[in-house]
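Visitor: Kindly produce the complete structure, drawing on both the sequences and the hints.
Residue numbers (our numbering), protein chains in the order written: chain A, 1 to 126; chain B, 1 to 126.
By construction, these hints were calculated from the structure, which means they are not laboratory data.
Among these hints, one or two may not hold up.
Identical copies go unnamed one by one, so any copy, or any two together, can satisfy a pair.
[What the hints assert, rightly or not] Okay, derived cross-link-like pairs now, DMTMM-like style, lysine to aspartate or glutamate, Cα gap no bigger than 25 angstroms in a straight line:
#: 1; residue 1: K45; residue 2: E114
#: 2; residue 1: K45; residue 2: E87
#: 3; residue 1: K45; residue 2: E86
#: 4; residue 1: K45; residue 2: D57
#: 5; residue 1: K45; residue 2: E120
For reference, the chains in residue letters:
Number of protein chains: 2
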Amino acid sequence: MTELRRTVETYWSAAEARDWSTFATTLSDDVVYELPQTRERIRGKDAYVRFNREYPDTWHISVHRLVADAGSDHVATWVHAVVGLEEMHAVTFFTGDDAGRITTVTDFWPEAYEPPPGREHLVERY
Amino acid sequence: MTELRRTVETYWSAAEARDWSTFATTLSDDVVYELPQTRERIRGKDAYVRFNREYPDTWHISVHRLVADAGSDHVATWVHAVVGLEEMHAVTFFTGDDAGRITTVTDFWPEAYEPPPGREHLVERY
Numbered sequence: 001m002t003e004l005r006r007t008v009e010t011y012w013s014a015a016e017a018r019d020w021s022t023f024a025t026t027l028s029d030d031v032v033y034e035l036p037q038t039r040e041r042i043r044g045k046d047a048y049v050r051f052n053r054e055y056p057d058t059w060h061i062s063v064h065r066l067v068a069d070a071g072s073d074h075v076a077t078w079v080h081a082v083v084g085l086e087e088m089h090a091v092t093f094f095t096g097d098d099a100g101r102i103t104t105v106t107d108f109w110p111e112a113y114e115p116p117p118g119r120e121h122l123v124e125r126y
Numbered sequence: 001m002t003e004l005r006r007t008v009e010t011y012w013s014a015a016e017a018r019d020w021s022t023f024a025t026t027l028s029d030d031v032v033y034e035l036p037q038t039r040e041r042i043r044g045k046d047a048y049v050r051f052n053r054e055y056p057d058t059w060h061i062s063v064h065r066l067v068a069d070a071g072s073d074h075v076a077t078w079v080h081a082v083v084g085l086e087e088m089h090a091v092t093f094f095t096g097d098d099a100g101r102i103t104t105v106t107d108f109w110p111e112a113y114e115p116p117p118g119r120e121h122l123v124e125r126y
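Guide: Encoded structure:
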């Protein structure tokens, strides 16, 4: 089993470099991308590379944490994204095949919100 | 190094059972909890257990995916939460100490949103 950790490192570095041919090598032909927040799904390497290539190009990504489970061939990443003037977090879950290519990508883009009242006695803001 | 994977499994099962004494055993005394979306931080086991115990009790959790990196003692989980009538995803990153207790918990609660226009040619909705 080729290590999915390295594939995911390449996935992010190639995305940041807009090196879409290298990016494509990280993906299995029938990769499935899902965004649970919008319930959007993209099927197949060609469509998924195109989705990334066509995405408005105002973003930069740096990987903050990468968690790789060699036993199950699962990886999770937490990245910092600068999108235009906005700083965001993105969390992504990956699965891989025996060749170390990515078979599923599940992306979350959590947005900032104001906390509910009633827990100020336990919490500080940063 | 005690396996953080098992500790995190206990963390979620004890939370779901409202078994706060077992939940407390999963945490180091100086655990730090952070919610980047609200920029809230809670310091210490006592305050963090109390935060969970006092949280309005209308939620149920099931672990959908757990990714454990034995080498770095990092764990990431993706859980399905039912909060009142709402179904949500939560993503959490954990770090641990040498005794297998949790030292940091970083929680994300991504909310549903409508996708931007312009990518319908690549995307299906589910």
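Visitor: For every hint, state whether the structure bears it out.
Guide: Results of checking the hints against the structure:
1. K45 / E114: between (38 angstroms within a copy, 24 angstroms between copies)
2. K45 / E87: Classified as neither; 28 angstroms inside a copy, 30 angstroms across copies.
3. K45 / E86: neither (29 angstroms within a copy, 33 angstroms between copies)
4. K45 / D57: within (20 angstroms within a copy, 43 angstroms between copies)
5. K45 / E120: between (47 angstroms within a copy, 16 angstroms between copies)
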